[in-house]
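For the record, the sequence lines run as chains A and B.
Note that the first sequence covers residues 0 to 149 in numbering that gives the first Met the number 0.
Note that the second sequence covers residues 0 to 145 in numbering that gives the first Met the number 0.
One or more hints might be untrue.
Below, in silico cross-link-like pairs of lysine-lysine (PhoX-like), each with a Cα-Cα straight-line distance of 20 Å or less [claimed, not checked]:
1) A:Lys26 x B:Lys86
2) B:Lys95 x B:Lys76
3) A:Lys112 x A:Lys45
4) A:Lys23 x B:Lys56
No wet-lab data here; the hints were simulated from the structure.
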Amino acid sequence: MKKIIIFLFIIVSSGVFSLISQGKYIKENDITIAKINIDTIIPEVKLMNIQNIMYKENENNIFDVVISIKIVENNIRENNINNMKISIDNLKTEDIDIKNVKNESDKMEYEVKIKRLYKNQKIKVFIPQGVIIDNHGNESKDLIIEHEIN
Amino acid sequence: MFIIIITIILLSNNSLGKYFSKIRLESENDIIEPVIIIENDETININSIDKKIYNFKIKNYNNEEKISKLDIEYYIKIIVSENIFIKVYKNKQEIKLKNVTTDRFLLSKNLKQEDNYKIEIFFFDNTVQEILDEVKMKIYYEQKNL
């Protein structure tokens, strides 16, 4: 019985002494050494496809033209795709419709629809440099698309 | 008998805890605070894969030449992603890291000490084209012995 009491006394005493060590000084510091932002990939704007679509049935000479454009970039900071310049004779602005058809983390797709164009009519689309700018400041190169409706 | 002894021990334990609290409140100004000063470079902005260098120092004294009165152990953990490689130098000697952590180092009490560190940051892959990341470090301090 005595042994048990001594044993328990030691256990409890060690608990009492452990209270003393609660004052131990412990601290930590968080420091940011470097922020890395490396991006050597230039945003890419490229032509995917051009389609001539008959405007209405039985109107063989009138077409809608759909130009599909793809943007490849992971970290877009500025997107000014609406700044593209489209030159066609007698063009009305209401005949142009720019639509975002795909929006993923690393790529976007746009369709530029130009309505009511005639056979043999020529279209020139100019997408200037810097339409797309990434987080690192890289600018997309310019792109010229020329098309004739046949 | 046994229950009485345990009760007495437990009661004495509680009163001992109160006693310590009282001392702390009354003698707040006598608590020894260690002196640990970190002087470090500003965060580096890395925009290319060239080697970069970051310097910092850990001191146990302040500008008023007040020296720490406690022995403090410390270690450093570097938090870095896999494609970045780092070398750490302590007082111009390269030190090896285990699991991106240094050994424990001692800042001795009452002895003016300054540990100078240099961290070199490299990229494993020279063809790396895109990284958006941070390199961080944690410095842990612990009073050596009471």
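Structure-based check of each hint:
Proposed proximity of lysine 26 of chain A and lysine 86 of chain B is contradicted: the alpha carbons are some 25 Å apart, above 20 Å. About 12 Å separates the Cα atoms of lysine 95 of chain B and lysine 76 of chain B, which keeps this hinted pair within 20 Å; it holds. Taking the CA atoms of lysine 112 of chain A and lysine 45 of chain A, the gap is about 16 Å. The hint holds against a cut of 20 Å. At most 20 Å may separate the alpha-carbon atoms for a hinted pair to count; lysine 23 of chain A and lysine 56 of chain B exceed this at roughly 24 Å.
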